[in-house]
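As you go down the protein sequences, you meet chains E and Y in turn.
Every number in this note's numbering is 535 more than the matching position in the first sequence, counting from 1.
Every number in this note's numbering is 535 more than the matching position in the second sequence, counting from 1.
Note that these hints are calculated values from the structure, not bench results.
Glycine is no exception: its CB is placed at the ideal position from the N, C-alpha and C atoms.
Among the hints, erroneous ones may be present.
[As the list claims (entries may be wrong)] Heads up, incomplete: computed chain E residues facing chain Y, CB under 10 Å, no partners named:
#, residue
1, Thr-575
2, Ala-590
3, Ala-598
4, Arg-602
5, Lys-609
6, Leu-666
7, Met-678
8, Glu-681
9, Phe-726
10, Arg-926
11, Asn-943
12, Ala-946
Number of protein chains: 2
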Amino acid sequence: METSKNPKPRVVIVGAGFGGLEAAKKLACQDVVLTVIDRTNYHLFQPLLYQVATAALSPADIAGPVRAILSKCKNVEVILAEVESIDVNARKVKLTEGEVDYDYLIVATGARHSYFGHPEWEQLAPGLKSLEDAIEIRRRTLMAFEYAERASDEAARKAAMTFVVVGGGPTGVEMAGAIAEIARYTLTKDFRHIDPSQARVILVEGEPLVLAAYPEDLRRSAMKQLADLGVEVRAGIHATNLSDQGLQVGDEFIPCRVKIWAAGNTASFVGKSLGVPVDRVGRVMVNNDLTIPNHREVQVIGDLANFPHQTGEPLPGVSPVAMQQGRQAARNILMMIDGDEPQRFWYFDKGSMATIGRNKAVADLKMVHLTGIPAWFAWLFIHIIFLVGFRNRIAVLFQWAWAYFSFNKGARLITRNFQSEQRPPT
Amino acid sequence: METSKNPKPRVVIVGAGFGGLEAAKKLACQDVVLTVIDRTNYHLFQPLLYQVATAALSPADIAGPVRAILSKCKNVEVILAEVESIDVNARKVKLTEGEVDYDYLIVATGARHSYFGHPEWEQLAPGLKSLEDAIEIRRRTLMAFEYAERASDEAARKAAMTFVVVGGGPTGVEMAGAIAEIARYTLTKDFRHIDPSQARVILVEGEPLVLAAYPEDLRRSAMKQLADLGVEVRAGIHATNLSDQGLQVGDEFIPCRVKIWAAGNTASFVGKSLGVPVDRVGRVMVNNDLTIPNHREVQVIGDLANFPHQTGEPLPGVSPVAMQQGRQAARNILMMIDGDEPQRFWYFDKGSMATIGRNKAVADLKMVHLTGIPAWFAWLFIHIIFLVGFRNRIAVLFQWAWAYFSFNKGARLITRNFQSEQRPPT
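Turn these sequences into a full structure, and let the hints steer you where they fit.
Below is the structure:
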């Protein structure tokens with residue numbers, strides 16, 4: 536690394552998800568002034584978020600403070616703030632309060648769920664992107680059983696014991712499987728007026744098979760493993776309307792109390808403020824070196840980027856893509872500082888895996904396809920390895936071992952908002 | 536236990552805190568129909584709540600689902616509901632929705648903090664009774680450092696780095712000590728514009744020494760141990776006014792952002808609905824066998840009871856009193872069912888202990904007074920022993936060991952309410 540007498544280049548990373556954090560780790564302790572901006576104070580290990588939503592893990596098990604992760608290098612500053620827009624011409628990131636100048640910028644603000652033009656559905660069917668989402672879904676799921684236990688009306692009781700997950704991607708499959716497991720194993724002995732194992736879990740998927748991004752044999756296996764767990768998959772059909780009372784799927788109206796949305800993403804609004812072309816869901820069309828047109832000092836990575844240069848199709852919104860792009864973006868900045876050109880990004884696809892339940896999973900490791908117990912152990916192993924921080928790994932391993940042998944979940948808490956507790960739990 | 540041909544007696548317990556849960560455990564699997572009513576779905580290990588508020592533990596580490604704790608015995612039904620009042624003549628517990636009949640009743644709804652006629656202070660200075668309170672205090676404490684890091688105004692920065700705890704009982708002492716430790720040890724390397732170890736922690740106590748219920752030598756030791764941690768104790772003085780900007784203590788106005796209330800309790804409103812005499816803070820004046828006047832089928836225990844029969848003074852609102860009363864109340868019911876008289880309650884005081892910080896505590900074990908490291912290990916040992924559930928014990932031990940050796944806290948998350956995350960973190 537060349538040190539110059541000029542002031543050190545100012546690098547700003549917006550977003551401390553998988554992509555932003557990898558870039559930050561690579562630029563920490565380098566000869567730059569690095570600022571990381573995020574609107575939460577923690578890095579979230581999103582692949583395990585569904586386990587918080589289903590009472591298996593606590594929020595702190597899957598999240599670590601960004602400051603602590605990056606505290607060793609004095610050239611790194613972390614700002615907890617909301618980004619409003621980016622002015623690429625003035626090279627400024629505008630925050631709700633104040634602004635930050637940059638010489639090089641990495642934008643990694645990710646995506647949220649999309650309700651296809653029905654934002655009013657979010658209140659009815661929360662998606663699963665944040666810890667707040669997960670705690671709310673946990674609350675609604677556990678409260679549904681409480682409600683059913685006390686319901687005098689048979690129809691209301693049935694609706695409370697019907698859980699619908701919309702969207703059969705990895706998150707939807709994991710949520711449906713985990714709710715079925717809570718009902719079948721964890722809660723069985725806890726109620727006196729209902730049999731939790733009679734709960735219906737319905738997974739709605741527009742394609743004929745779940746897990747659209749997976750090879751067909753694994754998709755079929757996932758369908759079978761879901762059925763073994765008692766999850767009813769409604770495939771090849773769409774949810775067309777939602778209400779308090781339930782949801783409409785094709786010709787059928789399913790009365791249900793708890794609805795969970797896992798059916799589509801929309802990119803963060805920050806992408807649009809860059810003033811360059813975005814795709815239908817708001818992702819920024821990036822050059823093959825991750826820079827944006829006319830501003831090679833700005834790179835966009837992860838779920839916010841549409842990177843179609845390898846296969847013609849955009850790369851999927853998964854953590855390995857974001858992490859590899861984060862490292863590449865950091866390398867590109869170091870090369871540009873040295874006067875070199877940014878390099879083309881190549882994604883190395885090591886495969887993907889989704890879990891369905893205890894001893895149930897699918898794993899596409901490219902060379903080999905796994906299902907059932909081997910896939911499930913592969914999933915456990917990989918997710919423990921990649922968890923943020925040694926403490927979290929031990930804590931999660933312990934919770935999993937406990938849950939595996941006892942069939943119990945450790946985080947079955949119904950918590951509400953501060954000072955709302957005087958109100959009845961409805 | 537005699538079994539009769541009459542319908543089994545219906546026993547209702549309101550509140551699943553330390554007292555109610557002990558009574559429930561004793562009556563579970565006996566020849567009664569037992570109903571336990573609580574407004575949360577978990578039993579909370581309140582002595583460790585301050586560790587959730589100070590980011591050392593997660594909510595699920597110190598709470599266990601009431602249903603799961605009592606699921607083994609089929610004669611026990613758990614109802615998650617809010618009690619509105621009790622009609623002792625009709626022998627009915629009125630819920631927000633519906634009502635429950637009883638033959639024998641144990642009321643154990645505890646206490647909340649009291650603001651001495653200033654309910655508007657609760658928003659400014661939350662107390663610490665529920666998990667929601669703890670998460671809110673954690674959020675405010677961590678946000679204060681974030682705010683200070685970005686503050687451009689020196690006075691605002693100083694106010695953000697001043698933490699005031701009102702009330703020098705065990706909770707106040709533990710909170711003040713824990714905040715001082717986070718600032719001095721946990722956060723030291725994480726900020727660039729502030730030095731967290733410069734944070735001021737002020738403890739306001741109306742008496743000349745903290746820990747009013749303890750022997751004088753331990754109170755003096757606690758004062759010294761607090762000073763060693765850098766906590767400023769303002770003793771012999773009262774908080775007379777609170778505002779967004781700070782609080783008034785005697786002649787002094789202390790500008791501060793975070794204020795925490797640990798200065799007094801008021802008994803649950805359920806006590807008043809019993810129609811028998813209550814004391815100044817709403818506690819029910821119970822007979823020496825825990826029953827209430829004219830209704831020996833109703834017993835009141837724990838923080839809701841004023842039991843002055845042993846010393847003339849009411850027994851303190853601590854968990855050993857509640858637990859021993861819970862067991863006695865359960866025994867009394869079994870005796871009354873058998874046609875015997877309820878027995879007089881005798882409190883066996885094994886002592887008490889309060890922790891101040893790492894290696895800092897006081898323990899009044901009656902035979903011997905401990906301070907510093909021996910007191911601290913005694914405190915650790917007792918609290919692990921009495922934690923709900925094997926899983927929680929292991930989880931908490933691990934977190935404590937991690938925190939002890941790394942000086943880090945595992946649960947430093949700033950979480951907000953569902954769907955509020957789009958807003959800037961102010």
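Here is what the structure says about each hint:
Evaluation of the Thr-575 (chain E) hint against chain Y yields a held restraint, the C-beta minimum of about 7 Å falling below 10 Å. Annotation: Ala-590 (chain E) was flagged as interfacial toward chain Y, and the flag holds, the nearest CB pair being 8 Å apart, inside 10 Å. Nearest Cβ of chain Y to the Cβ of Ala-598 (chain E): about 6 Å, under the 10 Å cut. The hint holds. For Arg-602 (chain E), the shortest C-beta to C-beta distance to chain Y is roughly 4 Å, which falls under 10 Å, so the interface hint holds.
Contact between Lys-609 (chain E) and chain Y, as hinted, is supported at the beta carbon level, the nearest pair being about 8 Å apart and thus within 10 Å. With a cut of 10 Å, the hint placing Leu-666 (chain E) at the interface with chain Y holds, because the nearest CB-to-CB distance is about 5 Å. Using the Cβ-Cβ criterion of 10 Å, the hint placing Met-678 (chain E) at the interface with chain Y is satisfied: the shortest such distance is roughly 8 Å. A least Cβ separation of about 5 Å between Glu-681 (chain E) and chain Y falls short of the 10 Å threshold, and the interface hint therefore holds.
A hinted interface residue such as Phe-726 (chain E) counts as satisfied when its beta carbon comes closer than 10 Å to some beta carbon of chain Y; here the least separation is about 7 Å, so the hint holds. Below 10 Å, beta-carbon pairs count as interface contacts, and Arg-926 (chain E) has one with chain Y at about 5 Å; its hint therefore holds. The interface hint given for Asn-943 (chain E) is met, as the beta carbon of that residue sits about 7 Å from the closest beta carbon of chain Y, less than 10 Å. Annotation: Ala-946 (chain E) was flagged as interfacial toward chain Y, and the flag holds, the nearest CB pair being 4 Å apart, inside 10 Å.
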